[in-house]
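K.L.:
Residue numbering for the sequence shown follows the numbering used here, beginning at -5 and increasing consecutively.
None of these hints come from the bench; they were simulated from the model. Careful, some of the hints might be misleading.
Pairs of lysine-lysine residues, derived as DSSO-like cross-links and limited to a Cα-Cα distance of at most 27 Å, are as follows [said to hold, decoys possible]:
no.: 1; residue 1: 85; residue 2: -2
no.: 2; residue 1: 85; residue 2: 235
no.: 3; residue 1: 101; residue 2: 4
no.: 4; residue 1: 80; residue 2: 9
no.: 5; residue 1: 119; residue 2: 235
no.: 6; residue 1: 235; residue 2: 9
no.: 7; residue 1: 85; residue 2: 214
no.: 8; residue 1: 23; residue 2: 119
no.: 9; residue 1: -2; residue 2: 119
no.: 10; residue 1: 16; residue 2: 47
no.: 11; residue 1: 119; residue 2: 47
no.: 12; residue 1: 119; residue 2: 101
no.: 13; residue 1: 229; residue 2: 119
no.: 14; residue 1: 235; residue 2: 80
no.: 15; residue 1: 229; residue 2: 9
no.: 16; residue 1: 23; residue 2: 47
no.: 17; residue 1: 119; residue 2: 16
no.: 18; residue 1: 4; residue 2: 235
no.: 19; residue 1: -2; residue 2: 9
no.: 20; residue 1: 47; residue 2: 9
no.: 21; residue 1: -2; residue 2: 16
no.: 22; residue 1: 80; residue 2: 229
no.: 23; residue 1: 119; residue 2: 85
Restraint-style ranges between C-beta atoms, simulated for each label pair [to be verified]:
no.: 24; residue 1: -3; residue 2: 190; range: 43 to 51 Å
no.: 25; residue 1: 104; residue 2: 158; range: 18 to 26 Å
no.: 26; residue 1: 216; residue 2: 161; range: 34 to 42 Å
no.: 27; residue 1: 244; residue 2: 158; range: 32 to 40 Å
no.: 28; residue 1: 161; residue 2: 140; range: 18 to 26 Å
no.: 29; residue 1: 0; residue 2: 56; range: 19 to 27 Å
no.: 30; residue 1: 183; residue 2: 119; range: 19 to 27 Å
no.: 31; residue 1: 175; residue 2: 220; range: 19 to 27 Å
no.: 32; residue 1: 28; residue 2: 78; range: 43 to 51 Å
no.: 33; residue 1: 81; residue 2: 168; range: 42 to 50 Å
no.: 34; residue 1: 56; residue 2: 81; range: 52 to 60 Å
We treat Cβ as the ideally placed atom computed from N, Cα and C, and that holds for glycine.
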Amino acid sequence: MLEKLRAEAKIHNNKLVMLPIKRLYDLQKELEEFRDTEELNGFQQWILSDIYKFDLPEVDFTVNSLILVAVPHPIYVDVTLHYQGKSYQTKGLGVSDMTMTCAYITKVVSEAGHQVQEIGHFPLKRLAVQSGLATYGRNNITYVDEYGSNISYIAFVSDAMSEEDTWRPMCHAQMCDNCTLCLSACPTGAIRPDRFLINNEICLSCLNEGGGEFPDWLPKDVHHTIYDCLRCQEKCPMNLKVKDPNEIIQTLDISEEET
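Based on the sequences and whatever the hints tell you, model everything.
P.N.:
Set out below in structure tokens:
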């Protein structure tokens, strides 16, 4: 079944791994230890304690495996905003379309005589790295071969037994050891030279997504997207290897009424 899943994933420009479900609980223990021993701020503690969930959904089958899929999305979206009779150019983050991914996962697993269910609220980035599907960059963003950081993840549980176990210790991209381009590109200095965990309290992405007023110390000219931030990803050498990047840039026109 795994080979059929991979063949379908290739057709849809996806990449996937399959793991024994025990690896989900191994990760839970690792993250609990990380939370209790690392120096973390309140937001990071909240993510680990309240956002990441390890309770499996209620299903009518015995969960034996986890299927994790990396789905590419546009590097960014060129956005035109119309406001008070004027047009403004900016960027937005691309979004992965999971429709076909859900369809072929369900089809292949069902045809093999097994059941499958999508799951959410799990630490998918960390699962991707420790499964070997992805690697961490210094900017705390994950990278997948051929797609760079332009990916989103979706996960499923199944009663099928995993045909392999590629679990590995937490790691980061070797390229990052001698590269500081993302540090120099970060407009707020959120990326640290001494650890692969950013200072999210000053990260522009977090400030954009958090709501409320921007802090007084934040220069107005650092904003370049509707939300989030692309600076570290734009400079990252691992994104320069993405296949035909100009072909996966989308456009979006937002009318005066929508603005």
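K.L.:
Going straight from one Cα to the other, do residue 85 and residue 235 come out at no more than 27 Å?
P.N.:
Given that 27 Å is the threshold and the Cα spacing comes to 21 Å, the pair holds.
K.L.:
Is the hinted pair residue 85 and residue -2 satisfied, with a Cα-Cα distance of at most 27 Å?
P.N.:
37 Å, violated
K.L.:
So the hint says 43 to 51 Å: do the beta-carbon atoms of residue 28 and residue 78 match that?
P.N.:
At roughly 48 Å between Cβ atoms, residue 78 and residue 28 fall inside 43 to 51 Å, so the hint holds.
K.L.:
For the pair residue -3 and residue 190, does the Cβ-Cβ distance stay inside 43 to 51 Å?
P.N.:
34 Å, violated
K.L.:
CA of residue 4 to CA of residue 235, is that 27 Å or under?
P.N.:
18 Å, holds
K.L.:
For the pair supplied as a hint, residue 235 and residue 80, is the alpha-carbon distance within the 27 Å limit?
P.N.:
Judged against 27 Å, a Cα distance of about 37 Å means the pair is violated.
K.L.:
Is the straight-line distance between the alpha-carbon of residue 80 and that of residue 9 27 Å or less?
P.N.:
42 Å, violated
K.L.:
Quick one: are residue 244 and residue 158 within 32 to 40 Å, going by C-beta?
P.N.:
Taking Cβ atoms as reference, residue 244 and residue 158 lie about 35 Å apart, which means the hint holds.
K.L.:
Just to be careful, I want the Cα atoms of residue 229 and residue 9 compared with a cutoff of 27 Å; is the pair within it?
P.N.:
24 Å, holds
K.L.:
Between residue 183 and residue 119, is the Cβ distance one that fits in 19 to 27 Å?
P.N.:
22 Å, holds
K.L.:
Is the hinted pair residue 80 and residue 229 satisfied, with a Cα-Cα distance of at most 27 Å?
P.N.:
31 Å, violated
K.L.:
Below or equal to 27 Å on CA atoms is what counts here, so check residue 85 against residue 214.
P.N.:
Holds, at about 16 Å.
Violated hints for the displayed structure, listed by number in ascending order: 1, 4, 14, 22 and 24.
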